[in-house]
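Asks: Work out the full structure, taking the sequences as your base and the hints as a guide.
Letter by letter, the chains look like this.
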Amino acid sequence: MRECDVLVIGLGHAGCEAALAAARMGRHTVGLTLSSEAIAQLSCNPSLGGPAKGHLVREVDALGGEMGLAADAAAIQVRTLNTGKGHAVRALRAQLDRRGYRSHMLRALDAEPLLEVLETEVTGLRLTGGRVTGVRTTTGGVCARAVVLATGTYLHASLVRGGERWTGGPQGQRAACDLSEALRAAGLTLGRFKTGTPPRLAGELDYSRMRRQDGDDPPGTFSFLNDRGPDVQQPCWLTHTTEESLRLVRENLHRSPLYSGMIKSVGPRYCPSFEDKVVHYPDRLRHPIFVEPDGEVFYVQGLSTSLPAAVQEAVVRTIPGLERAELVAPGYAIEYDYSDPTQLWPWLEAKALPGLWAAGQVNGSSGYEEAAGQGLLAGINAALSVRGDAPLVLGRDEGYLGVMVDDLVTRGVHEPYRLLTSRAEYRLAFRHGNADQRLTPHAVRLGLARADRVRRWEARRTCLEEALATLERTVPAAVDPDAAGTPLRVYLRRPEVTYQSLAAANLVPPLGPAEAAEVELAAKYAGYLSRQQAQADRQRRLEHLPVPVELDYGGVRGLSNEARVNLRRVRPVTVGQAGRVAGVTPADVAGLMVHLEARRRQGVQTER
Amino acid sequence: MTDTIAAVATAPGVGGIAIVRVSGPQAVEVADRVVGLPKGRLTRAAPWRLRLGWAEDEGGCRLDQVLAVVMRGPRSYTREDMVEVHCHGGAAAAGAVLAQLVAAGARPAEPGEFTRRAFLNGRLDLAQAEAILGLVNARAEGGLRVAAGQLAGALSAEVRRLRGGLLQVAASLAVAIDFPEDVEVEPPTLAAIRTELAALVETGRAGQIIRQGFSVVIAGRPNAGKSSLFNALLGADRAIVTEHAGTTRDFITEAVDWDGLPVTLTDTAGLRETAEPVEALGVKRARQAVDAADLILGVVDAAGDPPDTGILQELEPERTLSVWTKTDLRAPAGPGLAVSALTGEGIPELRRAIAAHSGGAVAMAGSGGPCLVSLRHQGAAARALAAVDRAEGGLRSGLPWELVALDVNEAVETLGEVTGESLRDDLLEQVFSQFCVGK
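Respectively, the protein sequence lines represent chains A and B.
In short: position in the first sequence from 1, add 1112, done, that's our numbering.
In short: position in the second sequence from 1, add 4, done, that's our numbering.
No lab work stands behind these hints: they were computed from the structure.
No false leads were mixed into what you were given.
Chain B stretches covered by chain A per the calculated footprint, using a threshold of three residues with CB under 8 angstroms from any CB of chain A:
| no. | segment |
| --- | --- |
| 1 | 178-188 |
| 2 | 399-407 |
| 3 | 434-441 |
Note that CB positions come from ideal geometry on N, CA and C, so glycine has one too.
Replies: If you want it as structure tokens, here you go:
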């Protein structure tokens, strides 16, 4: 039987990052896919990024992942969102060419000498003494010291449109049914989620009836290793649904599987089907539609639906600009099994199945970026485990990666989980511009940062530190007699003063726009930043106070019943994590701390 | 346990001295902002030594003469840095000092928090800690029952309502930031919520009276009839009354309940220049009691020949009610309330006048309307108001919404400390119920 260190099941966005990370950390890695066609497939929207998601791509890049590089290579339009709402929430979003994205990722997989890709279907897990030691496949099996489950929406997937339902994965792929049963048999609790995708269009579009949306000039990049976005960009087109579109949906609502009772599983509220929008917001007479270039066809963002194909086409033709469009591929809803992520430790290993890590949509998340982030961390931790090293767990104060994983494993999911900037309590500290300063040190330590990344990270750090140091100098009278003697750091807080204006007066070293913005933020928002820092410092002590995983919560006095039940289920590893478990109040945390201290002292006594 | 906590350590309403404790890494710095020493500063004071000083408010106005002692961790009850402030003015002064410590950066302690820290830091064993916590909790519940019963429901409903309004604002900022292309969001306004929140914070004054009692101090010249008035108001012969001037040497305090208004009534030594050392000490303490009082009854002997109204000039007019005593002998010769302790005439009117000066605390206690009684709730509401003020200022000056959101979220979170709700649970629920997102 074939043997390897790290085995990755599924090569979507989570699987690719996991396999690449493990291989780059020197582990013999095997990646399994149902079909090589499905590798790094952007199976829904042809875009990446936006608030929190763009930040996540930056963080994946800073930690040595591949997604940012692939996105830069495939970008056909790049925009910065939230420019007016603050520096930290400013985020990059890019339209991508699917084929370009896939081919970049395939090349990256191919370039890793320790990584091998196999096309096969996993039918079961190999268990040795309660530990996962490999998988059984339709073509035999693979032994592995660590297995990463990154199966996306493929577990027991079924597609629904109109009155029809058929078994299958996204984009015409097969579903993985045996594996779903094997996971259940091994003791994992699985739930069922639903998501959907809009129709793809071709034919004649009337651009005069839609609003053109162009990319930025100059376009930005996701990766810290790149400086320039694409030379040639393509526009997107904005339009909206009409009252006629709403009428058609209402008339055909009984034919939508969401309302006929065919689909009972929960879908994401932030990405509702068009049917849901019509029903839940009856007062809204029009909904925005974004027509996005997608190879030879167009993706209709905003029109996710599982109505019968004929109705979909009729609805599309009620939209200004799309009157003569043709449906190339109708939208559909997909239902799939996910594994309750509270079954995982914060390093993404299954509590009940040591040796098995899980990442991506199988954990109940949604989105390419969320999947890639988890994949990278699962791959790193699988590799660390094989090496016998302690896992990497990022804090909620280190980045969106830390926030996302903690949310998943501590709070669980009630709908497909999407990362939002609002989920981060230290949002101001998580910026596109400092993802490298926050996370690249981890990449360096893990051996995931190539020489050029280390060089760029160090150069940026030096630049930023020097610029910040010069801010301690004072304003010379020649520049502003009224402010003479004021430290530049304070002077920079004035609304009319910018870093670039100080640089123009030769008071500070010249910097690029991204770095200048970082330094400016440190000065202008110093009060807000230090408040958040103080909050994070207070919390950090609790984050480092361990809770024994075998703790008997029945013996902890003063816990509410809800807290006790949930703590037993989640088994938090720190007091900080315990405080975030659903139903746990500050009083419960105080009770837990008292218990732990009493236990510690008893332990000391019995040792004597 | 990286924050600094403060609380009144002595039982409420008992004894002339009350002790306020502060514990945590900033304990000495916080106390130093409130307690001024005649020489040097508390931060440099030798530990475990009592120092005489004055507790002052932000404006430097003296609240009470106090003794303060710094105890450096780990040689303290909690094993953290601690300061004890011994207030001479009793419970009311201690309340004022605590409020000042909170304004200076301490957080009002949860019931039993000092003991919990003492345990967690290894000072007490579990049995000791549990014994003490049991006592603390029993007392806290007993104390709460009095005021909390009718007020707690109305308060949490009001806080919930205000929090709901702020949550809507938080949701619109969140949706604007997290779904920039999905919905158009109008700039939110906070003016209405700010006004309502400020009104709630105002009820803290009445709440403080409900919690600690309304402190009324009787002051006047020797033999003006203060002790007779004291007894008449109490309806009991509590103070010794003689014809001799200077009979009352120390002050006497009694707690009474007048139609739901808890009053601590204090009789003091007559105010005059004296060379007699014991009496001089009494006069000094009388002046301290007067300084810490919520309301002073400035007593003038109507039968005096002529009546000595000089006392009224010595007292702060805003806090003073002029009361003419012995009016059975002669009618008052100036403005003020006329009473006779002998006949009881004017006593009911005086009680009503005292209630009228209690900042509406009686009305508040009776109406069942929302009222901030506990200092913890007062602190939370005040912090929420400050956050709303910052957010409003930020919106007006065009601060980026990510910063405005920080303050609005803090206000929601802070009010949630009163209602037991968390922003984490509610923000996204609100976003999805308020907005159609998903472009």
